[in-house]
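Student: Residue numbers (our numbering), protein chains in the order written: chain A, 1 to 256; chain B, 1 to 254.
Each hint should be verified, as a subset may be incorrect.
[What the hints assert, rightly or not] Label pairs and their in silico Cβ distance ranges:
1) A:Ser44 - B:Gln148: 47 to 55 Å
2) B:Val248 - A:His234: 49 to 57 Å
3) B:Leu18 - A:Gly126: 32 to 40 Å
4) B:Phe170 - A:His234: 45 to 53 Å
5) A:Ser44 - B:Ile86: 36 to 44 Å
6) B:Val248 - A:Leu111: 23 to 31 Å
7) A:Lys113 - B:Lys99: 24 to 32 Å
8) B:Ala78 - A:Leu111: 46 to 54 Å
9) B:Ser11 - A:Gln178: 23 to 31 Å
10) B:Leu115 - A:Arg133: 51 to 59 Å
11) B:Leu100 - A:His248: 40 to 48 Å
12) A:Thr17 - B:Thr216: 51 to 59 Å
13) B:Arg206 - A:His136: 24 to 32 Å
These are calculated hints, taken from the structure and not from any lab test. Beta carbons: idealized from backbone N, C-alpha and C, even for Gly.
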Amino acid sequence: MTALLSLKEVEKDYRFTSNESMTALQGINLEVQGREFIAIVGPSGCGKTTLLKLVSGLIKPSKGSITIEGMELQKSHRQLFGMVFQQPALLPWRKVLDNVLLPCEIRKQDLGKARVQAMELLELVGLKDFVNRKPHELSYGMQQRVSICRALISDPKILLMDEPFASLDAITRFDLAQLINDIWNMKHITVLFVTHNIQEAIFLGDRIVVMTPRPGKIRSIIDVPLTRPRTKEHLYQHDFSLCAKTVHQLLGANAL
Amino acid sequence: MISCGKRLGNSELLMTILSLGCVIAVWELSVKILRLPSWFLPAPSAILREMQNSAGYLWSHTFVTLQEILVGFIVALAVGIFLGIIIAFSPVLEKTLYKLLVATQSIPKVAIAPLLVLWLGFGLTTKVTMVFLMCFFSIMVGMVSGLQSTHRELLELADVLGASWMQSFFKIRFPAALPYLFNGLKVSASMAVIGAVISEFVNADRGLGYSLLISTSQMNGPLAFSIMTILAAIGIGLFSIVARLEKVICPWAK
Ligand SMILES: Nc1ncnc2c1ncn2[C@@H]1O[C@H](COP(=O)(O)OP(=O)(O)OP(=O)(O)O)[C@@H](O)[C@H]1O
Ligand SMILES: [Mg+2]
Numbered sequence: 001m002t003a004l005l006s007l008k009e010v011e012k013d014y015r016f017t018s019n020e021s022m023t024a025l026q027g028i029n030l031e032v033q034g035r036e037f038i039a040i041v042g043p044s045g046c047g048k049t050t051l052l053k054l055v056s057g058l059i060k061p062s063k064g065s066i067t068i069e070g071m072e073l074q075k076s077h078r079q080l081f082g083m084v085f086q087q088p089a090l091l092p093w094r095k096v097l098d099n100v101l102l103p104c105e106i107r108k109q110d111l112g113k114a115r116v117q118a119m120e121l122l123e124l125v126g127l128k129d130f131v132n133r134k135p136h137e138l139s140y141g142m143q144q145r146v147s148i149c150r151a152l153i154s155d156p157k158i159l160l161m162d163e164p165f166a167s168l169d170a171i172t173r174f175d176l177a178q179l180i181n182d183i184w185n186m187k188h189i190t191v192l193f194v195t196h197n198i199q200e201a202i203f204l205g206d207r208i209v210v211m212t213p214r215p216g217k218i219r220s221i222i223d224v225p226l227t228r229p230r231t232k233e234h235l236y237q238h239d240f241s242l243c244a245k246t247v248h249q250l251l252g253a254n255a256l
Numbered sequence: 001m002i003s004c005g006k007r008l009g010n011s012e013l014l015m016t017i018l019s020l021g022c023v024i025a026v027w028e029l030s031v032k033i034l035r036l037p038s039w040f041l042p043a044p045s046a047i048l049r050e051m052q053n054s055a056g057y058l059w060s061h062t063f064v065t066l067q068e069i070l071v072g073f074i075v076a077l078a079v080g081i082f083l084g085i086i087i088a089f090s091p092v093l094e095k096t097l098y099k100l101l102v103a104t105q106s107i108p109k110v111a112i113a114p115l116l117v118l119w120l121g122f123g124l125t126t127k128v129t130m131v132f133l134m135c136f137f138s139i140m141v142g143m144v145s146g147l148q149s150t151h152r153e154l155l156e157l158a159d160v161l162g163a164s165w166m167q168s169f170f171k172i173r174f175p176a177a178l179p180y181l182f183n184g185l186k187v188s189a190s191m192a193v194i195g196a197v198i199s200e201f202v203n204a205d206r207g208l209g210y211s212l213l214i215s216t217s218q219m220n221g222p223l224a225f226s227i228m229t230i231l232a233a234i235g236i237g238l239f240s241i242v243a244r245l246e247k248v249i250c251p252w253a254k
C-alpha cells in the first residue's frame, strides 16, 4: 500500500544573500498513512516549520523527493491541504463567516454550498453565535477556532498545524486540543501537528516525530501506546507518563 | 462597554471645548486690560467681527486656496497610491526610485517654491504642484509600508490556496495596507495647507496666503487673524474628514 504522504531523503538548504548556505533539514524519511495523526516535536530552530512548508509545497526540497499517493508533489495537490498557524491570521475587515469562506472564494467554489458547510463547522467549534462578528470582537482562543474552521472548509485531506496553540493559556489550550481530537475522530483526516508541548503531542498523536537541531534530522519516531478514542483519562495512565519520559529523554538537554 | 467609551468620548470633547474657551477668554481679557493695539494682537471678538464684515472677500480667497488644496491632495493621493503599489512590488524600483525619492525629501520644499514659478508660471498649476509635493511622499510611504507588512501567514495561506496575484492583492494585501495608508493621509492633510500657503507667499494674486501677506503689510491685524483662523479650520477639517473615513473604512485599526 502506498503511503498518503512520503518523504525520501529530503534535504533543505537555505541560501542567504551573502551566498552562504545553511542546511535546515537533512535526511528526512517519513511515511504517513491516510488518517494518521503525526505530532512533531523538537527544539526551536530544528526545521519543523520548514518541514510543513515543504509538505505543503510552499518551498521546494534541495534534495530528495516528496510524494502524495505515489505521485510527485505538485501544484494541483494544494487543494489537499488545510493550514493553521500559531497566529489566527484572520482578515480583520471580514466577519467570522466570511473569513471561513476565504479559501472557497479564492478557489472559486460554490459559495452557497460552502456557506452551509461553514455554518456547520462554526457550530462544531462552538461559535454559532459569533458568525457575524468581526475577529477583533473575539478572544484569541475564539479567533484560533475560526482559523481552524477556515482550514477545514472544503474538506482538506491533510491538515498542517504549526504550533497552533502556542500563544494560548493552558486551559484554552487543552480545550482546543480536545476539539482537534474530536474533529479528527469525526472527519478522519490526516494531521501533521507541530508542537512544543509533549503532553499535547502524546494526547493527540498516533506517532511522534522527535527532531534534533542543526541540521534538523529525525531522531526517532515513537508509536504512542494509547488507545483511541482519546479521553482525559488517558492523561493519568501509566503508559502516558512512560511515553512522556521517552520523548523527554530523546529531546535530551533540549527538552522543555 | 460601549456606553463607557461614549462617556469618555463626550468628556474628552467637553474638556477640549472648555480649555479652548479658557484660552479665548484669557486672550480677550488680556487684550482689553493691556490695551494691546489691534495690529499687534486683535481680541477674539474683533476677529469675529472682521470675519462677518469681510465675509465676501474672505470667501472668495478661501475658495481659491481650498481648490488648490483639494486638487493637490487628490492628485497626491492618486500618484502616492500608484507609486506605492509599484514600488512595494518591485525590488528594483525600491532600490532605485524609492531611494531617490527619499533622498529628495531632504530638500526643503520652501526652496523649490520659487523654482516652481519659474517652471510652471503664475497660475493654479504651480500651487497645486506645491500642495502635491508636500502631500504625496507620506501617502506613498504609507502605501509601501502597508503593502510590505502583510502578515507572513496570510501570504503563505494565499499561496497554498493557489491565489492569483490579483486575488491576493485585492482580497488580502490592499485592504490590510489601508490603516498604513490612512496614517500617511493624516500626515499629509496638514501638510497640504502649508503647501498652498507657501506657494501663495511666493507668487500669487489671490488666495488666503496672498491676502495674509496683504493684510499684514497693511497692519490689518483682525483680517490677518481671520485668515489664519480659516487656514486652521481647513487643516482641521481635512484631517477630520480623513480620520472619519478611516473609522468607517477600517474600524479594526487602532
Ligand atoms: N526563509 C529562510 N531563509 C533562511 N533561513 C531560514 C528561513 N526559514 C528558516 N530558516 C532557518 O532554518 C532553520 C529552521 O527554521 P524553522 O523555522 O523551520 O524552525 P522551527 O523548528 O519551526 O523553529 P521554531 O520552533 O522556533 O518555530 C532555522 O535555523 C532558521 O534560521
Ligand atoms: Mg516554527
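Student: Please go over all the hints and tell whether each is borne out by the structure.
Tutor: Results of checking the hints against the structure:
no.	hint	result
1	A:Ser44 - B:Gln148: 47 to 55 Å	26 Å, violated
2	B:Val248 - A:His234: 49 to 57 Å	51 Å, holds
3	B:Leu18 - A:Gly126: 32 to 40 Å	48 Å, violated
4	B:Phe170 - A:His234: 45 to 53 Å	47 Å, holds
5	A:Ser44 - B:Ile86: 36 to 44 Å	38 Å, holds
6	B:Val248 - A:Leu111: 23 to 31 Å	26 Å, holds
7	A:Lys113 - B:Lys99: 24 to 32 Å	50 Å, violated
8	B:Ala78 - A:Leu111: 46 to 54 Å	33 Å, violated
9	B:Ser11 - A:Gln178: 23 to 31 Å	46 Å, violated
10	B:Leu115 - A:Arg133: 51 to 59 Å	54 Å, holds
11	B:Leu100 - A:His248: 40 to 48 Å	57 Å, violated
12	A:Thr17 - B:Thr216: 51 to 59 Å	57 Å, holds
13	B:Arg206 - A:His136: 24 to 32 Å	48 Å, violated
Hint check: violations occur at hints 1, 3, 7, 8, 9, 11 and 13; the rest are consistent with the structure.
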